[in-house]
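Colleague: Mind docking chain B on chain A? Use the hints.
One letter stands for each residue in the lines below.
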Amino acid sequence: MSSYLVKRIFTMIITILGVSVLVFMIIHLIPGNPINHILGDFATEESIRELEIRLGLDRSIPVQYFSYMLNAIQGDLGISYITGYTVVEEILNRIPITAQLAFFSMIFGSITGIVIGVIAAVKKNTIYDQLAMLLALVGISAPGFWIALFLILLFSYQLSIFPISGYNGLYSLVLPSITLGLGTAGSIARMTRSSMLDVIKQDYIRTAKAKGAGVYRLIFRHSLQNALIPVVTLIGMQFGYLMAGAVVTETVFALPGLGSLIVSAISTRDIPTVQGLLLFMAAMIIIVNFVVDLLYTKLDPRIQYE
Amino acid sequence: MLKSIEKNNNLLFVDPDPLDIKLSKNSFLNNFLNKIMKNKGAIIGSVILLFFIITSALAPIIAPYPVNEMNFDDSLQGPSLEHWLGTDEFGRDIWTRMLYGGRVSLLMGLFAVTISGTIGVTLGVIAGYYRKLDIYIMQFIDILMTFPSLLMAIAIVAVLGVGLTNAMIAVAISAVPSFVRVVRGSVLSIRETEYVEAARALGVKNWRIIGKHILPNVISPIIILATLEFGGSILSAAALSFLGLGAQPPNPEWGALVYVGKSFLSQAWWMTLFPGLAIMLVVLGFNLLGDGLRDALDPKSN
Numbered sequence: 001m002s003s004y005l006v007k008r009i010f011t012m013i014i015t016i017l018g019v020s021v022l023v024f025m026i027i028h029l030i031p032g033n034p035i036n037h038i039l040g041d042f043a044t045e046e047s048i049r050e051l052e053i054r055l056g057l058d059r060s061i062p063v064q065y066f067s068y069m070l071n072a073i074q075g076d077l078g079i080s081y082i083t084g085y086t087v088v089e090e091i092l093n094r095i096p097i098t099a100q101l102a103f104f105s106m107i108f109g110s111i112t113g114i115v116i117g118v119i120a121a122v123k124k125n126t127i128y129d130q131l132a133m134l135l136a137l138v139g140i141s142a143p144g145f146w147i148a149l150f151l152i153l154l155f156s157y158q159l160s161i162f163p164i165s166g167y168n169g170l171y172s173l174v175l176p177s178i179t180l181g182l183g184t185a186g187s188i189a190r191m192t193r194s195s196m197l198d199v200i201k202q203d204y205i206r207t208a209k210a211k212g213a214g215v216y217r218l219i220f221r222h223s224l225q226n227a228l229i230p231v232v233t234l235i236g237m238q239f240g241y242l243m244a245g246a247v248v249t250e251t252v253f254a255l256p257g258l259g260s261l262i263v264s265a266i267s268t269r270d271i272p273t274v275q276g277l278l279l280f281m282a283a284m285i286i287i288v289n290f291v292v293d294l295l296y297t298k299l300d301p302r303i304q305y306e
Numbered sequence: 001m002l003k004s005i006e007k008n009n010n011l012l013f014v015d016p017d018p019l020d021i022k023l024s025k026n027s028f029l030n031n032f033l034n035k036i037m038k039n040k041g042a043i044i045g046s047v048i049l050l051f052f053i054i055t056s057a058l059a060p061i062i063a064p065y066p067v068n069e070m071n072f073d074d075s076l077q078g079p080s081l082e083h084w085l086g087t088d089e090f091g092r093d094i095w096t097r098m099l100y101g102g103r104v105s106l107l108m109g110l111f112a113v114t115i116s117g118t119i120g121v122t123l124g125v126i127a128g129y130y131r132k133l134d135i136y137i138m139q140f141i142d143i144l145m146t147f148p149s150l151l152m153a154i155a156i157v158a159v160l161g162v163g164l165t166n167a168m169i170a171v172a173i174s175a176v177p178s179f180v181r182v183v184r185g186s187v188l189s190i191r192e193t194e195y196v197e198a199a200r201a202l203g204v205k206n207w208r209i210i211g212k213h214i215l216p217n218v219i220s221p222i223i224i225l226a227t228l229e230f231g232g233s234i235l236s237a238a239a240l241s242f243l244g245l246g247a248q249p250p251n252p253e254w255g256a257l258v259y260v261g262k263s264f265l266s267q268a269w270w271m272t273l274f275p276g277l278a279i280m281l282v283v284l285g286f287n288l289l290g291d292g293l294r295d296a297l298d299p300k301s302n
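Protein sequence lines correspond, in order, to chains A and B. Just so you know, this note's numbering puts 234 at position 234 of the first sequence, and the rest follows in order with no gaps. Just so you know, this note's numbering puts 248 at position 248 of the second sequence, and the rest follows in order with no gaps.
Hints may contain errors.
With a cut-off of at most 30 Å between alpha-carbon atoms, the simulated DSSO-like pairs for lysine-lysine come out as follows [to be verified]:
1. B:K132 with A:K7
2. A:K211 with A:K123
3. A:K201 with A:K211
4. A:K124 with B:K38
5. B:K38 with A:K201
6. A:K123 with B:K40
7. B:K132 with B:K205
8. B:K35 with A:K201
9. A:K211 with A:K124
10. B:K212 with B:K132
11. B:K35 with A:K123
12. B:K40 with A:K201
13. A:K124 with A:K209
14. B:K35 with A:K124
15. A:K211 with A:K298
16. A:K123 with B:K38
17. A:K124 with B:K40
No lab work stands behind these hints, which were simulated from the structure alone. Remember, predicted model here, so these are calculated numbers, not experimental data.
For reference, chain A alone in the conformation it holds in the complex:
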């Protein structure tokens, strides 16, 4: 286990470094000079030169990369061209909203998905099963921004239950969490169903049935507990999807989180912010996937890493 852990941490670091090189390269291919964007069209030669030196843009790309990474390791991702705050400050200010949104939508998505998946599996090949699976597929196929708009129309405009947009306590996260959770609920429902059907075929379920276990005991004690192992992994792996979904959801609901920050940073060509955010999100996703991988062994003792 420990040698596996070392190997896994090593590849994780390699991947994060690879991502950083990739992001850096992508960002520095951006057409349009950020200097022009900051100073406008009427800047003097002198002020352009001065700003270039201040932002470090006069140095070669590899040198820029190494100094960027050296700073990044020390928790410095540069300063936003637009707001003047450090990128780390921006991230720290906004992360609570995105974290809460991801957390609540994961809970909503998991519960809805597992319930629908269990119903479909237990009622296999009936109309309930077909309806449940169609519903799951609709959840996967519907654009999140579109669902968001109709939740706003119904619950904010018509019923005035929830705020239309902006962040004003947990209450304003209800509709965004439902929006973001629905997509994950679809995948989780499909996975729960197929995993339940696999488990139901096992010998120990037949044994339990022969010993006279009741339907609910069979479902919850014997089947679901084992069927949930791959589902939990899927839930963990959905973290990346949630980050991407947060971009759209936060924009629709005008929530000041990381997702809406990246969209506004792209439209204002705020390069340090875009770069820092991409790097930060990728690192988060890599770390979460790593933790999920490790949890997998705890959940399923049959799996052992060498």
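Modeller: Just chain B now, with coordinates in the frame of chain A:
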């Protein structure tokens, strides 16, 4: 009666008649069609897709109004007999704009899948067949995979700049990793089979082994994935347009229509409802068809 004897004869005597080969190919196709026709989801999916493909193709003929014709007297009208799906803020007919928008959305999906499929299959075959390159290609793909496809598409648009073409390229690139993964996996298992080994032992050239023996055997997973990615690409492209990073209004791409409709949500819900519904139905159609193809093409389900 005569025919059935003939058939039996064919079964009894192994005849190197080329007709036999034709028969076996037909039986594969028949088997596939049989399974697809029994799959309700695949049928529903195909019907949905055919509807949108035909209406988009015929847009100039069946559209009741010119696509950009403004008529301020009729602005923000709800669905009626004259305007089936209502009108927008300039009095333009939503149904007409959706017909034309379907062309953009469907072509965007087609373009993205063709590009990502071509690059992805090539890289996947190389990684799976030439083991020495595998580790480099897969390490690179793993790095790309870190970004969820929409996030990667957003990053690429950040580089290329906002717009329809760039959004299309971004969506295409972001779909490459899944093709590489799937194709590489299939190639890996096929390259170890006896017939590939035999071909190699006979000195058949690598490109010929790939073209003749490997590619035909990985075509099923590619078709399934391409179907699912087609829907996924339309969804991503629409999301980019909605964020203002893809197709720009007055382009009637479906995501862009929802983007415009957002500002009139409380007065004119139809501007948002119908284009979004179209996106959902098309993506649903591709997902249903993809699932059906998976069931029908999976040799294990025989």
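Colleague: Would you mind marking each hint as holding or not holding in the structure?
Modeller: For each hint, the structure was consulted:
no.	hint	verdict
1	B:K132 with A:K7	holds, 21 Å
2	A:K211 with A:K123	holds, 22 Å
3	A:K201 with A:K211	holds, 16 Å
4	A:K124 with B:K38	holds, 18 Å
5	B:K38 with A:K201	holds, 25 Å
6	A:K123 with B:K40	holds, 18 Å
7	B:K132 with B:K205	holds, 18 Å
8	B:K35 with A:K201	holds, 24 Å
9	A:K211 with A:K124	holds, 23 Å
10	B:K212 with B:K132	holds, 22 Å
11	B:K35 with A:K123	holds, 23 Å
12	B:K40 with A:K201	holds, 25 Å
13	A:K124 with A:K209	holds, 17 Å
14	B:K35 with A:K124	holds, 20 Å
15	A:K211 with A:K298	holds, 29 Å
16	A:K123 with B:K38	holds, 21 Å
17	A:K124 with B:K40	holds, 16 Å
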